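Chemist: Here's the letter readout for the chains.
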Amino acid sequence: MDRRKSLKSIVLGTVAGGLAIHGCKPEAGSEELVESPKITYPGRVPLEEELLAELEEEQFLNPHEIETLTVLCDLILPGSEEFKAASDAKVVDFIEFMAKDNEAFQPDIRGGVMWLDHKCNTENGVEFKAASQEQQKAILDEIAYYDPEVPSNERPFEVNFFSLVRNLTMTGFYTSKIGIEEIGYKGNMPNVWDGVPDDVLEQHGVAYEEEWLAKCVDQSKRGIIAEWDENGNLLT
Amino acid sequence: MQIIENATVYDAIIVGSGAGGGMATKVLSEAGLKVAVVEAGPFFDPALPEHQTQLKWPYESPRRGASTRFRPFGDFDAAYGGWDIEGEPYTQKDGTQFDWFRSRMLGGRTNHWGRISLRFGPNDFKHKDIDGYGDNWPISYDDVKPYYDKVDKLIGVFGTNEGLPNDPDGFFLPPPKPRLHELFYIKGARKSNVPVYPSRMSMLTKKINNDRGVCFYCGQCNRACQVYADFSAGTCLIFPAQKNGGQVDLFVNCMVREVTTDAEGKATGVSYINKEDRKEYKLKGRVVVLGASACSTARILLNSKSKQHPNGLGNSSDVVGKYLHDSTGADRAAFIPDLMNRKVSYNEDGVGGMHVYSPWWGDNSKLDFPRGYHIEVWGGMGMPNYGFGFNVNEFNKFFGTKVGGYGDVLRGEAKKYYGATMGISSRGESIALKENYCEIDPTTVDEFGIPVLRFHYKWSDLERNQAKHAHDTFEEIIHNMGGIPLGDKPGKDRDYGLHVPGRIIHEVGTTRMGDDPKTSVTNKFQQLHDVDNVFVVDAGVFTSQADKNCTWTILALSMRASEYIVDQLKQQNI
Chain A
1 MDRRKSLKSI VLGTVAGGLA IHGCKPEAGS EELVESPKIT YPGRVPLEEE LLAELEEEQF
61 LNPHEIETLT VLCDLILPGS EEFKAASDAK VVDFIEFMAK DNEAFQPDIR GGVMWLDHKC
121 NTENGVEFKA ASQEQQKAIL DEIAYYDPEV PSNERPFEVN FFSLVRNLTM TGFYTSKIGI
181 EEIGYKGNMP NVWDGVPDDV LEQHGVAYEE EWLAKCVDQS KRGIIAEWDE NGNLLT
Chain B
1 MQIIENATVY DAIIVGSGAG GGMATKVLSE AGLKVAVVEA GPFFDPALPE HQTQLKWPYE
61 SPRRGASTRF RPFGDFDAAY GGWDIEGEPY TQKDGTQFDW FRSRMLGGRT NHWGRISLRF
121 GPNDFKHKDI DGYGDNWPIS YDDVKPYYDK VDKLIGVFGT NEGLPNDPDG FFLPPPKPRL
181 HELFYIKGAR KSNVPVYPSR MSMLTKKINN DRGVCFYCGQ CNRACQVYAD FSAGTCLIFP
241 AQKNGGQVDL FVNCMVREVT TDAEGKATGV SYINKEDRKE YKLKGRVVVL GASACSTARI
301 LLNSKSKQHP NGLGNSSDVV GKYLHDSTGA DRAAFIPDLM NRKVSYNEDG VGGMHVYSPW
361 WGDNSKLDFP RGYHIEVWGG MGMPNYGFGF NVNEFNKFFG TKVGGYGDVL RGEAKKYYGA
421 TMGISSRGES IALKENYCEI DPTTVDEFGI PVLRFHYKWS DLERNQAKHA HDTFEEIIHN
481 MGGIPLGDKP GKDRDYGLHV PGRIIHEVGT TRMGDDPKTS VTNKFQQLHD VDNVFVVDAG
541 VFTSQADKNC TWTILALSMR ASEYIVDQLK QQNI
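Protein chains in written order, with the numbering used here: chain A, 1 to 236; chain B, 1 to 574.
To be clear, the hints were calculated from the coordinates, so they are not data collected in a lab.
Keep in mind it's a predicted model, so treat the numbers as computed, not measured.
All C-beta atoms in this analysis are idealised placements derived from N, C-alpha and C, irrespective of residue type, glycine included.
Honestly, I wouldn't trust all of these hints.
Unchecked claim - Dumping the calculated EDC-like pairs for lysine to aspartate or glutamate here, alpha-carbon to alpha-carbon at most 20 Å:
id, chain 1, residue 1, chain 2, residue 2
1, B, 416, B, 447
2, B, 343, A, 199
3, B, 366, B, 129
4, B, 126, B, 515
5, B, 207, A, 227
6, B, 415, A, 149
7, B, 191, B, 476
8, B, 402, A, 149
To be verified - Ranges between beta-carbon positions, derived for each pair:
id, chain 1, residue 1, chain 2, residue 2, range
9, A, 223, B, 341, 50 to 58 Å
10, A, 198, B, 195, 21 to 29 Å
11, A, 49, B, 164, 44 to 52 Å
12, A, 90, B, 443, 43 to 51 Å
13, B, 409, A, 224, 47 to 55 Å
Stated by the list, open to error - Computed footprint of chain B on chain A; a stretch qualifies when at least three of its residues, placed anywhere within it, have a C-beta under 8 Å from a C-beta of chain B:
id, segment
14, 115-128
15, 177-190
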């Protein structure tokens, strides 16, 4: 193989995947191994890709369930002038995916929608999705609160169904672009961490100790190559 | 099917590309040896855009980062593999349980580990002298110190020199400042007489050379760093070895079946299965260096049976696979009311993991367990991920207000409690016992036809007592932070919250080193007592674990063993 070529490639950082990677198939008896161009997998291994393709092909929720859950999720996180709704973050699409990824959710979600319709039909003579918001909220008021002292496996089904949908709605929304903006998370981008801002320290009643800070990184010198004396004292 | 033989004769064949194999690759190739690195998984380089999961947003995963069978630490974790790999089973014996984590990829498990980089201390090599349990190592801290020093400078680790008796000083980069919840931990732990120091982790808070970038504080080391600012064996050892002109041939997706031997019983190379065409191949080498991980290396040795080595290679002692031991682990989460209503005005991702920790502080002579544990801390305003907002206002119960509900009130509660939960974990030392082991299960093979491992592992009361102590300590520290411990304190019926062995992924001891060939597998240079051209450079050689994570010691020992190999080859002793 051409070592100069591969050296160049790693310096450029472009095709490191082809660097000195040999196919697992050395030619029998040959002097030189054959360099294969690239044996790499994109971020996902083939088994993951297969699973994803399978899940995307399936459809779990039927149109009625999608419509009912859309109404329900928007009652959990409603839209307003100030806030975006669960449906703006496509929370039901997320629930659809999770129900396929974690099949244990399926009977609870499917049965829960049936429970909502039965309850609403019995009390109001109309399916949940078509009921007035007042009627919908009256039903939710009975199932939306739980007693944290009762173990979850002893709570009524409809309470647990609502908790599940609320959990998935919260996660689906706050892990979406608009949800992350709303919660105000500032990270996931290159940064230079230099401690908690003073106003935050003050708000929570804590402070840095001088002695501790003296040990910490001087961020103005982070780009200078580290050198030590023989006792491990940093010189740079 | 004919086994296909490669004509090249390598100076060394290195099995596995994690911490041990990676270091051997660097040292041996830079000494001018021609080496083959045989890795059971695919090539991986976090600098390649198509391999990156770092800096991805949760919505770039359809499951928003939830874990899968392939990535038990979440959809964005760099390490694929896990405790359960399709086609590669393992079995359990006598109703016991050991969960075996494997990561099949270049760099192995170094791609996602916590980067907690602790030297073993002088006591850790001679613990039998102190408490009578287990065995002493045949080497002492002084034998390893020069290598720890070199590893610090080569790879980079932040921390502080504190002059502690059993947590040695080193050549540290300066640590990052504590985050808000870590300031609470410092306060609470000190009140409980538990000392706290800056953590010691292998991320570059400062440049160490021109080939690797400096940490940009995204907190995602487990996703593997695209600028190589944290340690993984691929980015910090194998790629530099190649770049420095080393003769390194990587064989990826190649699963080693056994070490081959000649009529005199000396190793001649390895045979492996190419996962792509599912055929068996052979490589020839003057020396075989096993760094496949403690249990995989034991498996390869036990499967390498021949007329000369009927009990498996290097196993005349019958000790291969024995003395398997993992770190102990226990965890408790807490709600800290004083961390409510946080300003989200700043990015506090920091490095991936903790900025502060507590090394073991106790006096075991006054306790009902012989070995200690260190404490790790987590918390903060992390990136929302799968699970964010679950039971969003459960903490209302502490204020006597209603739990659950719907509507905009939930938005306010999500913000009120954001960053107010934190967790404390213990990671401790267990005693190496001959009765805890892995062996070949003659009834089962993997999809490559290779006999699999069967585990037998039981904790003793020494570990249970330690976990009980850890949980008592957690509660006291949480109380002193002004916090409320969450969930129930696990009692005797749940082993005091002690995790199942294997769950901490620090398994060591299966090919332990020693001076006596009857009771150990390798000598103090990690050379098989039975076969002088086979070496083990993974954690299998640990005579005992410490209350430390094992990676830094794997690296130092692999460097030491590799220099010995170069020396022995030069002297034509092997």
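Chemist: Give a verdict on every hint.
Modeler: For each hint, the structure was consulted:
{"no.": "1", "hint": "B:416 x B:447", "verdict": "violated, 51 Å"}
{"no.": "2", "hint": "B:343 x A:199", "verdict": "holds, 9 Å"}
{"no.": "3", "hint": "B:366 x B:129", "verdict": "holds, 17 Å"}
{"no.": "4", "hint": "B:126 x B:515", "verdict": "holds, 14 Å"}
{"no.": "5", "hint": "B:207 x A:227", "verdict": "holds, 10 Å"}
{"no.": "6", "hint": "B:415 x A:149", "verdict": "violated, 24 Å"}
{"no.": "7", "hint": "B:191 x B:476", "verdict": "holds, 9 Å"}
{"no.": "8", "hint": "B:402 x A:149", "verdict": "holds, 12 Å"}
{"no.": "9", "hint": "A:223 x B:341: 50 to 58 Å", "verdict": "violated, 37 Å"}
{"no.": "10", "hint": "A:198 x B:195: 21 to 29 Å", "verdict": "holds, 26 Å"}
{"no.": "11", "hint": "A:49 x B:164: 44 to 52 Å", "verdict": "holds, 48 Å"}
{"no.": "12", "hint": "A:90 x B:443: 43 to 51 Å", "verdict": "holds, 49 Å"}
{"no.": "13", "hint": "B:409 x A:224: 47 to 55 Å", "verdict": "holds, 51 Å"}
{"no.": "14", "hint": "115-128", "verdict": "violated (count 0)"}
{"no.": "15", "hint": "177-190", "verdict": "holds (count 12)"}
Checked against the numbered hints listed earlier, the structure breaks hints 1, 6, 9 and 14; every other hint is satisfied.
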